[in-house]
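So the protein lines, in turn, are chains A and B.
Heads up: the first sequence begins at 1 in my numbering, then just goes up one per residue.
Heads up: the second sequence begins at 1 in my numbering, then just goes up one per residue.
Calculated from the structure, these hints are not laboratory results.
It should be emphasised that the depicted structure is a prediction, and the values quoted were computed from it without experimental measurement.
Beta carbons are placed, not taken as given, at the ideal position from N, Cα and C, and that holds for glycine.
Please note that the accuracy of each hint is not assured.
[What the hints assert, rightly or not] With a cut-off of at most 30 Å between alpha-carbon atoms, the simulated DSS-like pairs for lysine-lysine come out as follows:
#1 K174/A with K57/A
#2 K153/A with K359/B
#3 K82/A with K104/A
#4 K232/B with K69/A
#5 K104/A with K75/A
#6 K75/A with K44/A
[What the hints assert, rightly or not] Partial selection, computed: residues in chain A whose CB lies under 8 Å from chain B:
#7 M37
#8 A43
#9 K69
#10 G118
#11 I120
#12 H141
#13 G142
#14 P157
[Said to hold, decoys possible] Covered stretches of chain B, as calculated for chain A (at least 3 residues, CB under 8 Å):
#15 175-188
#16 279-287
#17 295-305
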Amino acid sequence: MSSDHNDEGRRDFLMVAAGSFAAVGAAGALWPLVDQMNPDASAKALASIEVDLSPIKEGQAVTVMWRGKPIFIRKRTADEIKQAVSADTTDMRDPQVDGDRAKKPEWLVLIGICTHLGCIPRGQSTGDVHGDFGGWFCPCHGSHYDTSGRIRKGPAPTNLEVPPYAFISDTKIKIG
Amino acid sequence: MSDHSSSYVPSNGFTRWLDERLPIIRLMYDSFIVFPTPRNLNYLWTFGGILTFCLVAQIITGIVIAMHFVPHGDHAFASVEHLMRDVNWGDLIRYTHAVGASMFFAAAYIHLFRGLYYGSYKSPREIIWIFGVVILLLMIITAFMGYSLVWGQMSFWAVTVITNLFTAIPIVGEGITQWIWGGYSVGDPTLNRLFSLHYLFPFIIAALVGLHIWALHVVGSNNPTGVEVKSKTDTIPFFPFYVIKDGFMVVVFMLLFSWFVFYAPNYLGHSDNFIEANPLQTPPHIVPEWYFLPFYAILRAIPDKLFGVIAMVAAIVVLFVIPWLDTSKIKSVSKRPLFMPFFWLFVITCFALGYLGAKAPEGYFLLASQLFTAYYFIFFIIIMPVIGLIETPRKLPDSITEAVEGKSGKEGASS
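Full structure from sequences and hints, please.
What follows is the structure, given as structure tokens:
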């Protein structure tokens, strides 16, 4: 009967080997079907833009599109910079000093999407509501952001995100 | 039920030939003609038939709408308006589909509460109940995807807010969200895949409805007394009795349905969805369709993003385990005097959450949302298990026949 036992062991091995092989094959075949949903080459091709800052005056803000998202660019006034720099970060939900958020103090570049559930905060034009901290206010669920785009009040968990950007000249930035 | 032997007799040569090869007529005959059904079902039991009607109506109108709809970010909104204004009967067909979604949910919620009240989730009907909850979950996803296709402001921002819920997941949330979007924000690729899946899901629902009915036909229908069928006098054949009863209620339901379609087709919608999607401007108040409001209220009741999402998902997931949370051996709430007020308070809670879901989550509204959200979960997790153990239920009738005919019916039952 020992030969039968040997056979059984061999058969088990063949079963496990065939099963594993099929499982790996199925997973390999599944991956393209899953990955095709990720951002495609055309979406990635739009990954960076250049913005000319020279027409923006002090106290003014513009909105540009980057990767389908609104980017807030604001030339801050001396007052706004002072508020942003002097604010006490210890009580903030997402503590960050202004120097870590603006490469040059007068220029603030932010992704204009509320970090709560993705609405567009108000505060870009001068007539808008700016919230309790002089920056932006999200009307969906009432998040208040300060002049550095930091969350100060409301349900949003984090500050308005700063996109990756670099100054390519004094009046031009590249976002992305 | 499943163990009754088939009484189908093929009437001619062809059906005899077919019956020996594919007994499909026998299956239909046994399931929908002679099928023994409790004799005491009330009108709340007609909503299964009404829901079948709703599903078929949605699929037919949906297939027709897909002939005119263009699933592209630049053209979707215009193609819907084209359907409404230019296509023959297009407005009627679209309004039937849009109102149909609301009617479908109204019927589904009544069906669900009927199951809750009469304990239709209890042994041996747990599988029927679980399939029902899966169907509800798929209905929610399907309706949400369908609403997005209009590509109006409310569509766009609903997709934005709901897909952003996934960003609450630590570490992988961002990646999952971009995978769903097919980009870095909601856009054309998102719309395209939502359309593809919106077309697919109703057919998955139809298949699950098949399993739901199959499981139902194995153990048989529950009934208002909660006493199981014991003898032949407890039942009547499905045809003609329940075919007529269900058919009558489908017609009554269609009257209400038609009233909305013809007289108030936009009453249940939101005016902001007549503005084309604009990714640079959020509407001042984002409100979901009425049938999602209770869940939306639960989401917003909790001031933390991640826990808000968890609570909203849990509000549906908890339904799966009700068969094991309810410790009572008595099915019908009507026989459970201690449990009954808690049940009705739960019904009121669902309506209250629906009301609060449309209000800004501030001040007293927020507080009320939190209280009702708390009760929603307390009802299932604490009240259901505890009351089942401590209450003394009312006396049950010996049989369905006795419940219908009084004690005199017993002789009939024993014959």
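Violated hints - listed by number, lowest first: Hint 4 alone not satisfied by this model.
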